[in-house]
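Each chain, letter by letter, is given below.
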Amino acid sequence: MSAQFGVYMAGIVTIALYSYLIGDNALFKFAEHLYVGSAAGHAITMGYINIRDLGWTPLVSKGQLSMLIPLILGLCLYSRFTTKYIWVSRYAIAVTIGIGTGVSLRGMPSAQILSQLQASMVIKNVNDFLAILGTIGVILYFLFIYGQNPVTKGFSRIGRWVMMITFGVGFGTSTFSMVARGTGAVTAILRMFGLVK
Amino acid sequence: MRREVPAIVLAFVGLVMIAETFLNIPAVASLSRDIKNWGIIIGGFALALGSANLARFHAVRIARKNKEWYNSVALLASMAVFALAGVTIGPKAASYSFYYNNFLAPMNTTLQGMTVFFVGSAAYRAFTVRNSEAAILLLTALIVILSSIPLGEQLWSQIPVISKWIQDVPNLSGQRGIIITSAVGSMAIGLRVLLGLERAHFGGE
Amino acid sequence: MTQFMEKLQNIDRRILFVLIFLAMAYPLVKPFTLPMAITQEVMSLYDFIEKLGPNDIVIVAPDYSPAYAPTVGGACEAIFVHLMRRGAKVVFASFERDGPMMAENVIASATPAGKKYGVDYVNMGFRAGGEGAVASALQDFPTAFPKDFQGTPVKDLPIVQNLKSAKDISLGILFSTGGYAGGGWVRQLVQPYGKPFAACVTGMMGPAHIPYYQAKQLIGLVVDMKGGAEYETLIKRPSGSLAGMGAQTLAQLLIVLYMIIANVTYFTLKKERVRTR
Chain C
431 MSAQFGVYMA
441 GIVTIALYSY
451 LIGDNALFKF
461 AEHLYVGSAA
471 GHAITMGYIN
481 IRDLGWTPLV
491 SKGQLSMLIP
501 LILGLCLYSR
511 FTTKYIWVSR
521 YAIAVTIGIG
531 TGVSLRGMPS
541 AQILSQLQAS
551 MVIKNVNDFL
561 AILGTIGVIL
571 YFLFIYGQNP
581 VTKGFSRIGR
591 WVMMITFGVG
601 FGTSTFSMVA
611 RGTGAVTAIL
621 RMFGLVK
Chain D
76 MRREVPAIVL
86 AFVGLVMIAE
96 TFLNIPAVAS
106 LSRDIKNWGI
116 IIGGFALALG
126 SANLARFHAV
136 RIARKNKEWY
146 NSVALLASMA
156 VFALAGVTIG
166 PKAASYSFYY
176 NNFLAPMNTT
186 LQGMTVFFVG
196 SAAYRAFTVR
206 NSEAAILLLT
216 ALIVILSSIP
226 LGEQLWSQIP
236 VISKWIQDVP
246 NLSGQRGIII
256 TSAVGSMAIG
266 LRVLLGLERA
276 HFGGE
Chain Y
2 MTQFMEKLQN
12 IDRRILFVLI
22 FLAMAYPLVK
32 PFTLPMAITQ
42 EVMSLYDFIE
52 KLGPNDIVIV
62 APDYSPAYAP
72 TVGGACEAIF
82 VHLMRRGAKV
92 VFASFERDGP
102 MMAENVIASA
112 TPAGKKYGVD
122 YVNMGFRAGG
132 EGAVASALQD
142 FPTAFPKDFQ
152 GTPVKDLPIV
162 QNLKSAKDIS
172 LGILFSTGGY
182 AGGGWVRQLV
192 QPYGKPFAAC
202 VTGMMGPAHI
212 PYYQAKQLIG
222 LVVDMKGGAE
232 YETLIKRPSG
242 SLAGMGAQTL
252 AQLLIVLYMI
262 IANVTYFTLK
272 KERVRTR
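Protein chains in written order, with the numbering used here: chain C, 431 to 627; chain D, 76 to 280; chain Y, 2 to 278.
It should be emphasised that the hints constitute simulated quantities derived from the structure, not laboratory data.
This structure is a prediction, so every number in the text was calculated from the model and none was measured.
Treat the hints loosely; a few may be bogus.
What the hints assert, rightly or not - Taking lysine-lysine and the PhoX-like style, the derived pairs with C-alpha atoms no more than 25 Å apart in a straight line are: (1) Y:K8 / Y:K31; (2) D:K167 / Y:K217; (3) D:K167 / Y:K156; (4) D:K167 / C:K554; (5) Y:K217 / D:K239; (6) Y:K148 / C:K554; (7) C:K627 / Y:K31; (8) C:K459 / D:K142; (9) Y:K31 / Y:K52; (10) Y:K148 / D:K167; (11) C:K492 / Y:K31; (12) Y:K237 / C:K627; (13) D:K140 / C:K459; (14) D:K167 / Y:K116; (15) Y:K116 / C:K492; (16) Y:K168 / Y:K52; (17) Y:K165 / C:K492; (18) Y:K116 / Y:K156.
Stated by the list, open to error - Where chain C lies over chain Y, by a calculated footprint (3+ residues, C-beta under 8 Å): (19) 33 to 43; (20) 69 to 75; (21) 252 to 259.
Note that CB positions come from ideal geometry on N, CA and C, so glycine has one too.
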């Protein structure tokens with residue numbers, strides 16, 4: 431395939447999708463469906479490689495019969511397409527969620543609570559003290575179990591202001607990310623017209 | 076039984092994961108390792124499940140000749156091409172890589188990249204200061220935006236200094252508060268899931 | 002004045018779109034560079050990698066899709082080049098389905114001359130399953146990745162012969178655009194194994210990772226295209242991220258202008274409505 435053909439293909443699909451900015455139209459819908467189908471096909475490819483390399487090959491070439499368990503569980507997922515046997519898929523879901531819940535729960539207390547609390551208790555200057563006040567304010571803002579006495583109300587109010595600043599920072603940095611992503615598509619169009627390499 | 080037994084399986088798997096960290100028993104570590112690998116294989120099936128559901132939905136649209144059913148033909152055709160190519164020649168092959176980089180990737184980039192236009196339009200129409208909290212949010216955003224571009228420092232030398240303070244003090248405390256409280260919340264939900272008190276993920280009967 | 006303000010407020014949004022497009026396109030066609038300060042978070046990662054050598058194995062997880070190549074992909078290239086220059090061994094292992102293709106693109110565009118696949122760097126492909134897959138790979142790498150992306154068994158890849166688990170690595174670097182991201186790797190790599198870890202994330206996620214950096218759970222944090230541009234400046238290899246900063250500058254200034262116009266028109270018309278009541 432020539433590189434130039436690739437450049438034109440990239441530019442054409444980009445323009446087809448960009449046409450949505452003028453208004454919803456048939457060209458955009460067609461291109462969008464092409465994208466969704468391609469992405470789904472790529473997902474099938476990646477899923478297949480995982481199943482083949484970790485499940486099928488050890489079963490067939492090394493005789494690891496234990497691989498029958500995840501292979502059967504994985505196939506059970508497809509019972510979701512039936513109404514009578516949908517309950518069979520719950521076993522695969524149970525294993526998947528059990529793994530995810532277990533691996534995240536076991537690390538959370540140390541990694542995200544204790545370490546963060548320890549780091550926040552280091553007061554070397556005024557900024558560290560302000561940071562502690564802000565952290566306590568935000569935590570109290572979210573924990574509704576405390577009654578509304580003047581102290582908790584005051585800290586909650588501090589937390590609210592800190593949250594506004596946090597969201598402002600989040601918005602500022604997210605526009606940066608959006609512009610960066612926008613440049614990718616713009617580059618494809620410019621490349622098609624030979625304006626950039 | 077159709078919900079209780081899967082809930083017991085879930086609890087067992089989760090407890091094995093947690094026990095591995097706190098108990099120094101080789102058998103538990105070995106079982107945990109095996110189950111995690113099974114999770115990768117099941118994850119592979121789950122990736123294809125979404126695609127299969129999509130295929131089923133659009134096949135019905137084609138069969139019923141619904142409005143714009145030709146788009147569904149395009150979807151299924153592109154899915155079939157990528158899936159067959161990936162399974163037969165593999166994603167490392169030159170032709171798969173070519174179509175991935177010049178067809179799929181630009182479309183992915185464009186769809187994601189369109190948000191900048193809509194955010195720009197929203198910034199023009201809707202990002203107005205209607206109260207003091209909105210003022211703080213907008214002012215912070217402006218300072219952070221100006222500090223993130225090289226020109227910001229040229230406009231006023233203190234912009235990067237103020238932005239650094241904002242990110243290192245109030246933003247740090249806000250994000251830390253979110254990390255701690257969301258971790259507490261996640262642990263509560265996780266424990267409820269392990270104990271079988273939450274079963275929404277299993278779906279209806 | 003009121004009529005002008007109303008016209009300005011109700012301008013056709015397609016004009017706004019065209020201006021944004023031009024603000025991004027012009028600097029890409031006519032690139033210009035501006036001086037850039039290096040942040041401490043990027044500098045600390047650079048300093049850490051400067052101490053690495055041929056006996057160090059680094060796991061690099063390119064967990065991003067093509068849309069995010071302009072945001073974190075530039076940093077991925079720059080950091081890969083730096084690691085190659087230091088002689089460190091780079092193992093690409095992805096937990097996002099587009100990751101292996103992104104790794105291939107980085108390898109194709111940034112591998113220095115003289116470096117050999119399978120000896121100095123390798124692309125192990127993708128593993129499904131999210132944080133569970135990360136935990137699995139860090140516990141028993143050869144079982145989670147028995148073959149590389151090309152299908153070569155691990156026994157035929159010299160680079161991973163001594164890589165059995167996270168205990169054998171010197172650094173983990175994640176390029177992520179969402180999901181469990183830095184928090185997940187802190188839980189699975191830093192907390193259980195005590196290994197150094199750095200994150201390269203999008204702008205949206207950057208502020209959320211600052212507490213991890215401040216608590217020394219991250220040894221470096223590279224945020225979005227700007228972080229990538231800083232790293233390219235440090236390794237003296239200008240590329241996509243630095244080239245894109247011009248577009249960033251103009252487009253961001255335009256968005257700031259939009260926000261200013263929005264507020265000027267809003268308050269002017271509000272004042273006018275109060276006055277005429």
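These are the hints, each one checked on the structure:
Straight-line distance between C-alpha atoms of Y:K8 and Y:K31 comes to about 33 Å, which puts the hinted pair past the 25 Å bound. Our distance criterion of 25 Å between C-alpha atoms is broken by D:K167 and Y:K217, whose separation comes to about 38 Å. Only pairs whose Cα atoms come within 25 Å are accepted, and D:K167 paired with Y:K156 is accepted, the gap being roughly 20 Å. For a cut-off of 25 Å, the pair hint linking D:K167 to C:K554 is broken: about 53 Å separates their Cα positions.
Our distance criterion of 25 Å between C-alpha atoms is met by Y:K217 and D:K239, whose separation comes to about 18 Å. For the given pair, Y:K148 sits about 50 Å from C:K554 by alpha-carbon distance, which is inconsistent with the 25 Å threshold. For the proposed pair C:K627 and Y:K31, the alpha carbon gap of about 12 Å is at most 25 Å, so the pair holds. For the hint linking C:K459 to D:K142, the alpha-carbon distance of about 12 Å falls within 25 Å, and the restraint holds.
With a C-alpha separation of about 37 Å, the suggested pairing of Y:K31 with Y:K52 is violated against the 25 Å cut-off. The suggested pairing of Y:K148 with D:K167 holds, with an alpha-carbon distance near 13 Å, which does not exceed 25 Å. Proposed proximity of C:K492 and Y:K31 is contradicted: the alpha carbons are some 59 Å apart, above 25 Å. Annotation: proposed proximity of Y:K237 to C:K627 holds, straight-line Cα distance about 21 Å (limit 25 Å).
Among the hinted pairs, D:K140 with C:K459 is consistent with the structure: their alpha-carbon atoms are about 17 Å apart, no more than 25 Å. Restraint check for D:K167 and Y:K116: satisfied, since their Cα atoms lie roughly 20 Å apart, inside the 25 Å limit. Only pairs whose Cα atoms come within 25 Å are accepted, and Y:K116 paired with C:K492 is rejected, the gap being roughly 34 Å. Taking the CA atoms of Y:K168 and Y:K52, the gap is about 18 Å. The hint holds against a cut of 25 Å.
A hinted pair counts as satisfied when its Cα atoms are at most 25 Å apart, and Y:K165 with C:K492 qualifies at roughly 20 Å. For the hint pairing Y:K116 with Y:K156, the CA-to-CA distance comes to about 20 Å; that is within 25 Å, so the pair holds. Given a C-beta distance limit of less than 8 Å, the hint that chain C covers the stretch 33 to 43 of chain Y is violated, as 0 residues qualify and 3 are needed. Counting residues of the stretch 69 to 75 of chain Y whose CB lies closer than 8 Å to any CB of chain C gives 4, so the stated coverage by that chain holds, three being the minimum.
Counting residues of the stretch 252 to 259 of chain Y whose C-beta sits closer than 8 Å to any C-beta of chain C gives 3, which meets the bar of three, so the coverage hint holds.
Hint compliance for this structure: hints 1, 2, 4, 6, 9, 11, 15, 19 are not met, and every other hint is.
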